[in-house]
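Asks: Given next are the chains, with one letter for each unit.
There are 2 protein chains.
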Amino acid sequence: MSQIPPSDDGIVVSAPGKVILHGEHAVVYGKRALAASLNLRTFLRITSNSSHQVSLRLPDIGVSVTWSLGELQETFTLPFCDPMNPVPPSADLLAQVKKFAGIESDTVNTKQLAVVTFLYLFLSISATHKNIPSLTIEVASNLPTGAGLGSSAAFSTCLASSLLQHRRLTSVALQVDKSNTATWSDKDIKLINQWAFIGEKVIHGNPSGIDNSVSTYGGALNFQAGNITPIDRVPQLRILLLNTKVPRSTKFMVAGVKDRYNKYPEIIGPVLDSIEGISQCCERIFTEMDKGTPTQEHYDTLKDLIDINQNHLRTLGVSHPALERVCHVTQSHGLYSKLTGAGGGGCAFTLVPPGTCEDVIGNIRQELKELGYDCWETTMGGPGVLQHLSLDGTFPIPALFPRN
Amino acid sequence: MSQIPPSDDGIVVSAPGKVILHGEHAVVYGKRALAASLNLRTFLRITSNSSHQVSLRLPDIGVSVTWSLGELQETFTLPFCDPMNPVPPSADLLAQVKKFAGIESDTVNTKQLAVVTFLYLFLSISATHKNIPSLTIEVASNLPTGAGLGSSAAFSTCLASSLLQHRRLTSVALQVDKSNTATWSDKDIKLINQWAFIGEKVIHGNPSGIDNSVSTYGGALNFQAGNITPIDRVPQLRILLLNTKVPRSTKFMVAGVKDRYNKYPEIIGPVLDSIEGISQCCERIFTEMDKGTPTQEHYDTLKDLIDINQNHLRTLGVSHPALERVCHVTQSHGLYSKLTGAGGGGCAFTLVPPGTCEDVIGNIRQELKELGYDCWETTMGGPGVLQHLSLDGTFPIPALFPRN
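The listed protein sequences correspond, in order, to chains A and B. Number 277 in numbering that gives the first Met the number 0 belongs to position 278 of the first sequence; there are no gaps in the numbering. Number 118 in numbering that gives the first Met the number 0 belongs to position 119 of the second sequence; there are no gaps in the numbering.
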């Protein structure tokens, strides 16, 4: 993540990534999935300028674009919609935005999709019939892109919340902690999530809505048969997040599981039932941990669930030697890991229960780095989108960044 | 296995060990288990002598005992029972036999149990009111004892078949192949199995009956809720059999699975269902392989089933690092393994599909030997108890012995 020089005004927001805690793949078969926020965050700053231009800067992925407001006003019939009633772009409008930005209609390029998403959300939320604000938008993230950690949703959530807030369509209300961060009312949060979902649609076409919901609401969510339900009071769990950097294809992995299910329905069907049981048990443990003091036994159960689910994902054929090595290394130190997301590469996480010796964590990190993996110490279950109120010093606020 | 010098007369029989192909542990919860014969065999030779003594020699486990026929006749009221209607010993009679042999009543010592079993079967089958034959019984085995491979059942089956045959209560009838081996009619086989089961009772107290049935019938058996059903026409499958030599306790492992089941019924219940699905699928594949020509796809399926079941056994908590190393080594060469039996140590087997390069097998054997494991190349699904008709050369017949 690059550092952007300090600025003396503007709105700064941040939104988290996500991990699938349990239920990846099983969700395709109508079972529940539990997704949790990942406290690797994307930060976004909006500052006003007087250049009659709008600038988008995403130095992490090498994007820096500027458009003149006059050009935008000439090209588009504004506003696109009522910003209080979010709608996705029609195919025609999306094509028009892409054409304006000089982007192929069927692009899957991250940079290009980020630009299109920005333009649609900016012109939908910030522009009126007569006025487009002159803004600079800067984005910095700790989330790797394309690793299944919800980096695009974190970007969309940051865009939605900051643009709505900048136009005073929402109002920061609730002080959440002593780190000068604030959040919004339930009504405002719902609107942010709706716009973030539309951002996801621009990027992914037909997203589940889980990534933007986790990024907006934080904590953990239950996702089943298209319904997203926040889970009340989720403990913040300390984890190691590992990126094997092995490229993966969600589509390919989902198809592989389908083949295996079709070949062995009487074997794979019960495995999916067992994964549903894992998710149910995990939700129950979260409730217990919230009601009383979390105990060693709770953490032992969470470890068991992670280990069993990893076995099941192996059975579904979606593990990978690189993921197995992660499990092997952490298990040799008494900690349990599972892949998260589609598998076949990508990321895994390791639960770090309270009282884990710091030497153990250091040794694991060292061994995994020697294997070439990226490794972050972070938490899951933390807050969703936040506004950062005090802005002395550089942006992004370094203290908030758990560095890789 | 020690070699016993050649002899010019007598009856030679052999009986196989067993492996649990699928369904260990699940069988405790009413699911089916598939057991298959393991072509590591125990050989037994009976020869008549004129010393008015009966001698039992098991050089592999260091047993060599001789009793005078007069002493036996003085001690016991003979016959114990009608040899055509096998019954287990009463507690009193068992105590009397043990006392005669100088063995503690609650022994679990392999040598002592072998001696007691021999005495009960010998005096039940071979002795009449007036006569006890003067015999020498020599036993040699390729089966390790206490490794869950059914060595005691193979011993009991050899005893039952040879003693019945020596007294002409059965008659060798069916030539089975060109290696001068023969087998018995269904009715005789049933009688042999009944006596072998009684041998198992003397040794184990309350055996399932699966080990003696596999040793007697060969091939593979389906065992569910106490019912044993032979599976028609099982392909002989080439395997590597690995003994990790890690001591294991069946009772302890079964209790561990019970604890896990009680703690996570909604997770472990479906895993047991999935194991049932594996056993069903395996039986179906055996039927298909018997109906047509076995194909690569059949072997691929058998590999999948082995790999998935090993994942499930890991989930049940009955694997062990030594067993995982076996799986890891064989998988790195493209072959799949699972533990067999109670787990927590003990043995694993690896399917070796036709066309597997001999170098691969050599490399696997080498790596596993370096890890300190015993490794046999053998088959499962082969013949049950056999009589060996031609006896030129040493006993046991070296060509029949796949050496460790």
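A few of these clues could be false.
No distinction is drawn between identical chains; accordingly, a pair holds when it is met within one copy or between any pair of copies.
Claimed, not checked - Result set (SDA-like, lysine to any residue): computed pairs, CA atoms no more than 25 angstroms apart in a straight line:
(1) K302 - D258
(2) K98 - H319
(3) K302 - P320
(4) K302 - L92
(5) K110 - N84
No lab work stands behind these hints: they were computed from the structure.
Asks: State for each hint whether it applies.
Replies: Status of each hint after checking the structure:
Taking the shortest Cα distances, K302 and D258 sit within 25 angstroms of each other only across copies (16 angstroms), while inside one copy they are farther apart (30 angstroms). Neither within a single protomer nor between protomers do K98 and H319 lie at most 25 angstroms apart by alpha-carbon distance, with minima of 40 angstroms and 60 angstroms respectively. Both within a single protomer and between protomers do K302 and P320 lie at most 25 angstroms apart by alpha-carbon distance, with minima of 21 angstroms and 18 angstroms respectively. Taking CA atoms no more than 25 angstroms apart as the test, K302 paired with L92 passes in neither setting, with 48 angstroms inside one copy and 52 angstroms between copies.
Proximity of K110 and N84 under a CA criterion of 25 angstroms is satisfied in neither setting, with 27 angstroms inside one chain copy and 84 angstroms between copies.
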